[in-house]
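Novice: Which chain is which? The protein sequence lines are L and B, in order.
Note that this note's numbering has the first sequence beginning at 1, numbered continuously upward.
Note that this note's numbering has the second sequence beginning at 1, numbered continuously upward.
There may be inaccurate statements among the hints.
Subject to a maximum C-alpha distance of 20 Å in a straight line, what follows is the list of computed EDC-like cross-link-like pairs (lysine to aspartate or glutamate) [what the hints assert, rightly or not]:
(1) B:K155 x B:D179
(2) L:K2 x B:D179
(3) L:K2 x B:E187
Derived from the structure by calculation, the hints contain no laboratory data.
Quick caveat, the model's predicted, so the values are computed rather than measured.
Spelled out, the chains give:
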Amino acid sequence: MKISPEQRQFARVLEIGMRAGLVLLVCGFGVYMSGWLPASVAPASLPEFWGLSVTEFRRVTGAPNGWDWLGRLGYGDTLPLFGIVVLCATTLAAIGVLLVSCLRRADRFYIAIAMLEILVLLLAASGVLTAH
Amino acid sequence: MSRTTYPFSRLAVFSALLACAPAAFAAEPAVAVAWWLWPLGLFVLCFVLGMLAVPAGVGGGVLFVPIVSGFFPFHLDFVRSAGLLVALAGALAAGPGLLRLGLADLRLALPLALVASTTSIVGALIGLALPIAVVQTALGMAILMIVMIMWRAKKSEFPQVERADRLSQALRIHGIFYDTSHGRNVEWRVHRTPLGIFLFALIGLLAGVFGLGAGWANVPALNLVMGVPLRLSAGSSGLILSIVDTSAAWVYINKGAVLAIIAAPSVIGMMLGARIGVRLLQIVNATVIRRLVIAILIFAGLRALGRGLGVWS
């Protein structure tokens, strides 16, 4: 049985992204729980808010939406999001690598599919759909 | 009574009895419990769910969302986003190994993932826009439907595909994988691809609305509808899931629905538990674990339904 080179590359990117994301998530959460960084909502206060819908939660706590969290990486409760975003970006990176392989082989169906998938993921990640 | 004919009704009665029992810890007001007990409890629960999920052959998300939304004080918006992340992390962890072993196939997964990831975004937007009682009720019904699928769906290790359909031929969805249990190469191809694509559109929608992951539906759709060998279906399902859940998860992230205190212990607990689960798979009776998981799901499904209808708050 022969595993195609692009399948191996895809696996490699998934592995790197998963490990990096997990390490960042664990470290970020450790920092948050230890209280090394200030939190926009202290963990002890969260039980007052975590039963609210996300819209209410954002209104009451001023929590960020879209990519606003990037400007708040100095806060303990936002830092773990970085690891989560790396986990979510992993598939996008892997499909990007796959697209390059498909382009080299002129595999037109899969070039189209990979490009469309990248567009879908970018659209979801951009925040355009949730901007209002 | 043989194991395979274990009556469904017995599980239903067992679950109904469980459902009648007072869920004391769920009824406690959140303020009565030290805040740090909730993330700790979530970590422990996810560790246990991770251990059960592997031998039961389900993803973590399908167990996580109904149980955590039913028995923890978090709003469903935050639970669904964490559920997607739990399922995503599990799929990412398993994906590389499966791809290298040839137990997941990119050419098979990618077209289906494209359709399902598109509809999962729509599902996530719908789920966040609907009133919470509607989502809870629909979640309860969806979980009970999943139980039926898990209970009744047959499996075919090597489905017979007389002729590949035109679409799968055009996309060159076929191949050979090495089946270790039989020690031989298995040639595979698929049929009914248009129907498969339609089913994956529905699966993506449900994954987005409820944050459930989609392994419970991916495998039957690949194996029974499209004729993909069982082991390749299970492996490719994880790959599809990693793409589908990513799209829906982005919607929840951009809405601000990811709370680190819920998502982080869940993802970490589930991934650690799954590592133990892989070892458990070799020593425990998977059928017993599967029945236990089905019973838990019936209980959690009834709880979600009861909460949604306002009869079990």
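Novice: Each hint needs a verdict: does it hold in this structure or not?
Specialist: Verification of the supplied hints:
no., hint, verdict
1, B:K155 x B:D179, "holds (16 Å)"
2, L:K2 x B:D179, "holds (13 Å)"
3, L:K2 x B:E187, "holds (12 Å)"
In this structure, every one of the numbered hints holds.
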